[in-house]
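Chains A and B are the protein sequences, given in the same order. Number 11 in the working numbering belongs to position 17 of the first sequence; there are no gaps in the numbering. The working numbering runs 379 ahead of the 1-based position in the second sequence.
Calculated from the structure, these hints are not laboratory results. As the structure is a prediction and not an experimental result, all values here were calculated from the model. Any given hint might turn out to be false.
In silico SDA-like links for lysine to any residue, alpha-carbon gap of 20 Å or less [claimed, not checked]:
{"hint": "1", "chain 1": "A", "residue 1": "33", "chain 2": "A", "residue 2": "22"}
{"hint": "2", "chain 1": "A", "residue 1": "33", "chain 2": "B", "residue 2": "514"}
{"hint": "3", "chain 1": "A", "residue 1": "33", "chain 2": "B", "residue 2": "532"}
Partial chain B-side listing against chain A, Cβ under 8 Å, derived [stated by the list, open to error]:
{"hint": "4", "residue": "495"}
{"hint": "5", "residue": "498"}
{"hint": "6", "residue": "527"}
{"hint": "7", "residue": "532"}
{"hint": "8", "residue": "534"}
{"hint": "9", "residue": "539"}
Beta carbons: idealized from backbone N, C-alpha and C, even for Gly.
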Amino acid sequence: MSHTGIAMRAVNHSWHGLVVVAFYSLCVLGYASGALYTKLTPDM
Amino acid sequence: MSELLLTKRPSGDIGGKNHKYNTTSYLTLLLMLCDSGMRKHWLSLVVNASVLLIVLIGPLLVVAVPAVDLTLAEAYTEHSRDQSISSGEFFVLRRDDDHMHMHHGAPLTELNETAILQWHDPTPPSYWSIDVEDRDPSVPRYPELMALHVVFMTLAFFFALPTGKKFIGYVVCLQVNFE
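Okay, chain A solo, but in the shape it has when bound:
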């Protein structure tokens, strides 16, 4: 499975999938806010 949620993956924790989903959604949100900032700020 995915390599994110490193420690949970190592111990086969049942919430591992949830953490992976959280990681990717946080990434999307992070990149989205960054991109939006660059788009909205003039002379960037």
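Since the structure of chain A is provided, determine the placement of chain B on it from the hints.
Okay, now just chain B, sitting in the frame of chain A:
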């Protein structure tokens, strides 16, 4: 091309310490991956042997380079700046001839900022200064979005990524991998 690469190396990096370090750590990582993943022992032996060979021989090759480096630099110091620009050797010269590093004599007591601006674009203002410190009220700014970006990325890479059962993060993952 090889000359260009040789002289562009920072002059403080004699002996290529940084380069050696990078290569070695990269190859060590490769070695660990091979060890953990390979079932066939003869294959892992072949891979490990060649990787070890590169690790041992590589630094020697890098150490041999500065001799060439120095002679090149001396040869090019003879040229004037105009000559070197017209002859296309500008990039080779830039670091040691014109860059205000003086390896002989007293150090500069004052930095010549005009000379720096001749070679570099001025450093652009930071996000913090354009959004918060020197904010121009007539221009729309969105520091909230940057703050969100920082928060989300921090949560993602420092919390969600290494999360474990009792949040021991990287420690757990290292221990498990080495067992």
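Hints, verified against the model:
| no. | hint | result |
| --- | --- | --- |
| 1 | A:33 <-> A:22 | holds, 16 Å |
| 2 | A:33 <-> B:514 | holds, 18 Å |
| 3 | A:33 <-> B:532 | holds, 18 Å |
| 4 | 495 | violated, 23 Å |
| 5 | 498 | violated, 24 Å |
| 6 | 527 | holds, 4 Å |
| 7 | 532 | holds, 4 Å |
| 8 | 534 | holds, 5 Å |
| 9 | 539 | holds, 4 Å |
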